[in-house]
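A.B. asks: Turn these sequences into a full structure, and let the hints guide you.
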Amino acid sequence: MSADSSTAVILPAPAAATPRTAPLAGVLVKTGHVLVGAIVPLLLLALWQHAASAHWLPVQLLPSPALVYASFIDLWQSGDLTSNLAISLKRVGWSLLLGGGAGLVLGVLFGFSRRARAYLYPTFEVVAQFPVIGWIPLLIIFVGIGEPLKVLAISLAVIVPVTVQTTKGIAQVPRPLLDVARVYRFSLAQTITRVVLPSALPTLFNGLRQAVMQAWLALVFVELLAAGEGVGYLMVWGRQLLQLDLVVVAMILIGLVGVVLDRLLAVLEHRLQRWRRNAF
Amino acid sequence: MFSLKTLRGPLARLALALTAFSVTVGAYAETPPTVIRVGVATPKTGNPPAFTVGPVGVAYTRGLIEEEFKKDNVKIDWVFFRGAGPAVNEALTNKQLDFAFQGDLPSLVGKAGGLNTRLIALAGTRQHVYLAVPPDSPIKSVKDLKGKRVGFSIGTNIQTPINRILAANGLTERDIRVVNLSVEGIAPALTSKSIDAVFSWVQILPLKDKGLARIVFSDHENAAYACNSGVLVTDEFARKYPQTTTRLLKALLPANRWLADPANTNAYISLVAQMGFPEKTLHEDQDGEDALLQSSPLLTDYALSLYQGVADDAFRLKLARTRVDVKQWADRSFLTAALQQAQLTGFWPTLDNNGRKLAAK
Amino acid sequence: MSASHSRRQHDWRGVVAPLLFVALWQVAASAGWVNTKLIVSPLAVLQAGWQEITANGFAHALAASLARDLAGFVLGSLAGIAFGVLLGLSRWADRLLGPTFHTLRQISLFAWIPLISIWLGYTDQARVLFIAVAAFYPVVLSTHEGIRSVNKAQFEVAQVYGFSRWQRLVRLVLPAASPQILTGLNLALIYAWLATIGAEFLLPSFDATGVGATVIRGRAAFRVDVIIVGMLVIGLTGYALNRLAQRLEDRLLIWRGPAH
Chain Y
1 MSADSSTAVI
11 LPAPAAATPR
21 TAPLAGVLVK
31 TGHVLVGAIV
41 PLLLLALWQH
51 AASAHWLPVQ
61 LLPSPALVYA
71 SFIDLWQSGD
81 LTSNLAISLK
91 RVGWSLLLGG
101 GAGLVLGVLF
111 GFSRRARAYL
121 YPTFEVVAQF
131 PVIGWIPLLI
141 IFVGIGEPLK
151 VLAISLAVIV
161 PVTVQTTKGI
171 AQVPRPLLDV
181 ARVYRFSLAQ
191 TITRVVLPSA
201 LPTLFNGLRQ
211 AVMQAWLALV
221 FVELLAAGEG
231 VGYLMVWGRQ
241 LLQLDLVVVA
251 MILIGLVGVV
261 LDRLLAVLEH
271 RLQRWRRNAF
Chain V
281 MFSLKTLRGP
291 LARLALALTA
301 FSVTVGAYAE
311 TPPTVIRVGV
321 ATPKTGNPPA
331 FTVGPVGVAY
341 TRGLIEEEFK
351 KDNVKIDWVF
361 FRGAGPAVNE
371 ALTNKQLDFA
381 FQGDLPSLVG
391 KAGGLNTRLI
401 ALAGTRQHVY
411 LAVPPDSPIK
421 SVKDLKGKRV
431 GFSIGTNIQT
441 PINRILAANG
451 LTERDIRVVN
461 LSVEGIAPAL
471 TSKSIDAVFS
481 WVQILPLKDK
491 GLARIVFSDH
501 ENAAYACNSG
511 VLVTDEFARK
521 YPQTTTRLLK
531 ALLPANRWLA
541 DPANTNAYIS
551 LVAQMGFPEK
561 TLHEDQDGED
571 ALLQSSPLLT
581 DYALSLYQGV
591 ADDAFRLKLA
601 RTRVDVKQWA
611 DRSFLTAALQ
621 QAQLTGFWPT
631 LDNNGRKLAA
641 K
Chain F
642 MSASHSRRQH
652 DWRGVVAPLL
662 FVALWQVAAS
672 AGWVNTKLIV
682 SPLAVLQAGW
692 QEITANGFAH
702 ALAASLARDL
712 AGFVLGSLAG
722 IAFGVLLGLS
732 RWADRLLGPT
742 FHTLRQISLF
752 AWIPLISIWL
762 GYTDQARVLF
772 IAVAAFYPVV
782 LSTHEGIRSV
792 NKAQFEVAQV
802 YGFSRWQRLV
812 RLVLPAASPQ
822 ILTGLNLALI
832 YAWLATIGAE
842 FLLPSFDATG
852 VGATVIRGRA
862 AFRVDVIIVG
872 MLVIGLTGYA
882 LNRLAQRLED
892 RLLIWRGPAH
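Chains as they are written, first to last, in the numbering used here: chain Y, 1 to 280; chain V, 281 to 641; chain F, 642 to 901.
It is worth saying that the hints were derived from the structure and are not from the lab.
The C-beta atom is built at its ideal place from N, Cα and C for all residues, glycine as well.
Some hints here could point you the wrong way.
Stated by the list, open to error - With the C-beta cut set under 7 Å, the calculated list includes, among others, these residues of chain V facing chain Y:
| # | residue |
| --- | --- |
| 1 | Pro366 |
| 2 | Val389 |
| 3 | Gly393 |
| 4 | Gly394 |
| 5 | Ile434 |
| 6 | Val458 |
| 7 | Asn460 |
| 8 | Gly589 |
C.D. replies: Structural data, given as structure tokens:
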């Protein structure tokens with residue numbers, strides 16, 4: 001640890017301090033933060049470039065940034081990058097729909113039916129803690145290694161957090177609210193949209209966020225294990241043919257998509273919170 | 281490398297004798313390393329797991345290399361790679377191996393990618409390629425593969441023949457949907473019908489016998505489609521331990537010699553059957569093969585021309601970054617010395633660029 | 642109705658579904674309603690499990706997997722706590738390294754495998770490193786969060802007592818942040834096990850033993866029973882690890898006392 005050791009440094013000040021400053025100053029501070037945050041990546045890039053040009057490591061262990069960039073452009077222009085990415089995103093999309101839908105149904109079932117919870121939740125709880133990838137060899141036997149495998153495996157990764165969070169979210173709905181709904185003779189649909197959703201939403205959204213992360217994790221695994229298309233397949237190709245630049249390109253792509261998904265979810269969460277405030 | 285043709289007559293004989301003498305003397309001068317790390321681009325299969333195929337498999341089963349280095353207390357560390365040739369390249373990259381028994385394409389990809397290796401002998405030639413489909417598949421010929429999901433192990437020595445077979449039928453890899461499969465994943469993928477077809481080696485034949493697959497194409501008619509594999513040594517090891525390198529090759533030669541005798545073919549097939557293949561299948565695969573030619577470790581002009589063809593294809597298909605000059609990469613000196621020490625010089629016929637036997641000298 | 646009584650009743654109802662499932666499975670398999678090559682009976686699975694344990698050294702394989710899991714977990718967690726403390730305590734470290742960390746974090750875990758395998762080969766070091774990476778992220782995040790939640794008043798108390806930097810860290814910051822750190826460690830344990838299995842599938846080698854390797858062998862031999870045994874052991878181990886971690890977490894938090 002270095003000289004910045006006063007207690008003030010330890011305090012979580014910046015988040016609270018920013019809104020109080022003037023807009024221009026806020027922008028400047030923000031830009032400053034971005035610039036500071038960029039120092040390490042730039043240093044790493046410089047180090048990488050230097051290491052590559054000084055041949056600290058053989059090229060098969062460390063391709064130069066220029067080669068990675070060239071491969072990136074090459075793949076982009078040939079359309080391989082976008083087509084593979086589109087396929088991967090499609091897989092994730094379908095799985096989110098399928099797994100998310102199944103998870104919602106299960107979660108609602110567990111949330112509302114005490115009997116379903118008593119009979120099925122213990123089993124679910126145990127099975128939910130099986131690592132997703134443990135299922136994959138068995139799935140391969142039953143559905144092969146085609147598209148169904150990918151969608152099923154990723155769906156399995158999605159079901160668990162969605163079910164758990166939905167159940168939790170419904171359990172957290174204040175009882176009096178439900179009683180009121182009963183008194184007003186709300187239909188099930190009305191109860192869900194007017195009472196359950198608004199109060200369970202943050203938890204449900206948490207489930208969605210976890211689901212997206214899990215889906216992206218499972219996707220890369222299945223594509224590495226058995227695939228003919230997708231970003232994971234790009235890595236397989238690079239790995240099999242000792243072209244590390246392709247592996248790095250795919251990693252960057254995977255990271256970029258991760259960042260974009262994360263941002264999207266943040267924006268969505270913000271929107272939903274606004275809607276929720278209005279719904280009450 | 282110098283060519284033997286330029287050295288004729290008594291002078292040449294003298295030179296050869298001197299070389300042989302220096303090699304013999306040198307053999308006692310070199311202390312071999314305590315461990316020799318040998319990588320094999322084939323996983324063990326069968327129950328119990330075995331690796332018995334080709335001269336290397338025979339040598340491994342009989343402990344020939346261990347025998348050779350017994351008196352020096354050298355441990356031979358064998359590593360068998362489930363990930364086949366590409367995984368061997370990763371191990372070579374990490375300097376985890378001294379020798380590798382690896383298919384032509386991955387070894388060329390490794391060389392092109394910057395691995396400092398030398399090709400010092402042939403480890404296997406004319407491994408046959410099969411195209412298999414589920415029994416009820418509508419695929420009747422290679423041409424029908426267009427748009428279909430086709431599985432094979434990317435980066436192994438099967439990929440070049442596949443590209444040639446496709447090209448001969450007016451297709452490229454882009455016309456099919458390639459699915460990367462591990463060597464062990466091929467059969468389950470086909471039986472579960474999750475892919476439309478697979479390209480594989482002899483491993484696929486048992487499925488045909490069980491009625492789980494139909495062979496649409498095999499390369500028996502065209503030698504250009506068969507796969508080859510070689511013995512590689514890292515440049516570092518070859519420089520540091522030239523005599524040890526020669527001794528390792530010399531230790532393999534009795535296995536080659538045994539395989540060369542057609543009288544041993546049945547015994548060999550029983551041995552390979554330990555890897556989990558029915559003998560019937562193996563007889564079918566080996567049908568019509570010339571035991572002498574197939575057992576040859578020689579890096580003949582023909583063998584090198586096959587390797588060069590793979591190198592050119594790999595470069596053209598962007599499987600490799602640079603075009604390897606096989607003549608520069610191959611190093612015949614260790615094998616020449618080993619054959620001399622084993623008194624097997626001239627036992628295997630040399631072949632010209634077209635695979636024709638050259639008249640024995 | 643007492644609480645313990647109702648819980649026992651709850652337990653009883655919970656086993657109905659799995660029992661019914663297994664019974665149906667057994668009946669379907671033995672009555673030949675299904676392709677028994679694909680759907681082997683539960684009894685066959687039990688037999689295969691017994692054979693794996695007695696003849697094929699399954700316990701040894703499981704031990705090898707767990708050893709890797711633990712090594713990676715300890716390594717990743719220690720590094721994670723250290724890095725999390727750094728980010729949490731030093732605003733400059735957070736600004737300098739935070740963005741890089743949060744960006745790298747978005748690279749899906751398994752995307753590291755090809756890079757690690759090229760750099761370290763198909764070795765146990767490679768597997769352990771990968772498991773450590775998996776454990777690292779959640780621990781960093783939770784440690785960071787835990788330290789950020791230590792409040793100003795507590796720091797002022799520390800100042801009044803004249804704690805040194807080290808004392809402040811050990812006696813104030815870490816205990817105060819321990820609930821979050823423990824949550825992170827719990828999560829790390831889950832991810833480490835996932836990564837252990839993933840590494841055995843994606844970084845296989847002939848010599849490596851492990852539950853993953855057993856499953857691969859089952860797959861190659863088309864032994865559905867072996868695959869199911871492997872899958873169940875993988876799953877139940879994951880469950881057991883999770884329960885264990887949860888217990889430990891509860892214990893530690895009780896021991897820490899209700900003061901905070």
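A.B. asks: Please go over all the hints and tell whether each is borne out by the structure.
C.D. replies: Here's how the hints hold up against the structure:
1. Pro366: This interface hint holds because 4 Å falls under the 7 Å limit.
2. Val389: holds (5 Å)
3. Gly393: Given a least distance of 4 Å, the restraint on Gly393(V) holds.
4. Gly394: holds (5 Å)
5. Ile434: Because about 4 Å separates Ile434(V) from the closest Cβ in chain Y, which is inside the 7 Å limit, the hint holds.
6. Val458: Cβ of Val458(V) sits 5 Å from chain Y, so the hint holds.
7. Asn460: holds (5 Å)
8. Gly589: violated (18 Å)
The structure shown violates just one earlier hint, number 8.
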